[in-house]
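Engineer: Protein chains in written order, with the working numbering: chain A, 30 to 351; chain B, 1001 to 1094; chain C, 55 to 306.
No wet-lab data here; the hints were simulated from the structure. Check each hint, because a few of them may be wrong.
Which stretches of chain B does chain A cover? Using the computed rule of at least three CB atoms under 8 Å from a CB of chain A, they are [as the list claims (entries may be wrong)]:
1. 1005-1014
2. 1028-1035
3. 1039-1052
These numbers come from a predicted model, not from an experiment. Each residue gets a CB set at the ideal place from its N, CA and C atoms; glycine is no exception.
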Amino acid sequence: MDNSNLHNLEEKFQAKIDAEIKIEPKDWMPEKYRKTLIRQISQHAHSEVVGMLPEGNWLTRAPSLNRKLILLAKIQDEGGHGLYLYSAAETLGISRDELVDQLLTGKAKYSSIFNYPSINWADIGAIGWLVDGAAIMNQVMLTRTSYGPYARAMVRICKEESFHQRQGYELLLTMSQGTDEQKEMVQDAFNRWWWPSLMMFGPSDKESTHSAQSMKWKIKRKSNDELRQAFVDATVPQAEFLGLTVPDDQLKWNEERNHYDFGPIDWDEFWSVVKGNGPCNRERLKARQKAHDEGAWVREAATAYAEKRRKRKAEKESTQVA
Amino acid sequence: MSKQDWPLWEVFIRSKSGLHHKHAGSLHAADAEMAIENARDVYTRRNEGVSIWVVESTNIAASSPEEGDMFEGAKSKIYRHPTFYDIPDEVGHM
Amino acid sequence: MTKKEALYNYIIQTADNNLILGQRLSELCGHGPELEVDIGLTNIALDLIGHARSLYQYAAEIQNLGKDEDQLAFLRARHEYFNVLLVEQPNEDFAYTIARQFFFSVFNYLFYSELQNSNDSQLAAIAEKSLKEVAYHIRYSSEWMIRLGDGTDVSHKKMQVAVDDLWKYTAELYTMSEVDQLMLEEGIGIDLNKIKALYLAKVEEVMEEATLTIPTNGWTQKGGKEGQHTEHLGHILTEMQWMQRTYPNMKW
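Given only the sequences and the hints, what does the whole structure look like? Please build it.
Structural biologist: As structure tokens, this is what we get:
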């Protein structure tokens, strides 16, 4: 393909995006658009799957049958969401095997938030309320993303996620109306999850390397800082309702801006965790690796059996003909 | 890459009797039986279906976007649509 | 044992089977051999714990001491759990998980099928409601038994080891305990002798298709229905009861 032809295709592509026409798998797309999407969608899928681990840590210890069922259903949903997203990524010409391999070899990232430990039961509430709450901000925006399969997966995910944040908040509300010990657990969980939740929106717009192009292609439709601000504005009153103290002495309502001002985020911590030096990075990957390795013989057996059955059926049909 | 990766299947769900099966998404499974069970577990967790079709993705033949022109002809045939015809109001609903 | 005590124990025994197996399956959530399978097994866990919940609610009503479902599920001593030994066996590997599920689901299906005719209307209703879900558990676990039994040499071997290790616990499923007998006499419980042949027939049918062999040494292990458990139950309870024991009398 000569250069003017490529240029022409790129212009047509951008015109479609500008006209809010979704891009579908077989449509022509710039190679960089495809790569960006694979990176982002798979990162999102990995986050759902790795995200099952910190919550799964509490499944066998959930304090009531009701909570055990809710938590099981929620974690299972996350597995489902990972699956929808892997499927969306696969429409771009990459297999799930390759995607999983990228996760396990550390080539692909997942949301750093899941490298933090869940150490008291209130963490389950905090993860639902804060982590899912932050994720929803992003996901609602992504239901309008320019790539069709990604947008459709997000619509389904958002519909299913609506209970995730609510169950977390309700869990904390119940505990915050309980004993002093329970209230302490809630504040402790909040203290540990607040800042990592703000980091979930990614580096500040000034520092973000992928943002500008992603906005132009309408993969992303709001900036990291915009989303983060919206999250803080929505969450602070909810924290107050629970009787919690936000672990930020610079947090203040700003009349002029009509937004909360908040203190500086510790980006050194953020980058350190992204690079692998968080409290649980190694453990999370090890758990995924273990499940993958221990599942190998199961996947192989199912493939072998399917093949055997196909052959037997074919043999039966051929003898019938003869 | 390992060859043990289960093939990809497309899942179609009928949400209730009387409606078409509609594409719900995809999943991996070693064979058709497993694909139906996986579809049941993955795509009907919230009571979304009464019937499932699965088809291995490689068995789907699809038109390509470059063939977009093949839909052009239909755009100009406005006489196929009821609004093309003016019927006086006095005649009543038709 | 009064009739009321026997009824309470009968409900608890059924609830415990479901809860303990659900607890075992929930250990695997997030660690399955493939995402689709992870989701499938979790569905079964949700069904089982859901059934357990209805049963504990009913048991609490019968007991009438003002306890709720969670106090019954979480705050009894080890010997007050009456589940069969099979369901407390660990997830050694996926073959164990599938064999345990299959052996239990076939029983559970036959059990609920009969229990639908109980003259205790509440138990009959719970049985009827649970039956449809359990039918799917049989289908799911049978297919995996066959797939793994007749898959590769490795999977066949692992499946056979799991069957050999777990088979001794299956006889307890269809052996009458004192409580079972009392409930049968009252027209509430089911006659396990009646389902024994059906149980073995179904199991043999699937095992044959899976190219697996049923152990023939006749060795059986029981005691769960009388509160005599294997070493595993104590560990399950330690984890499961931890919050309720450490922070008593709180709302969650």
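Engineer: Name the hints, by number, that the structure is in violation of.
Structural biologist: Failing hints: none at all.
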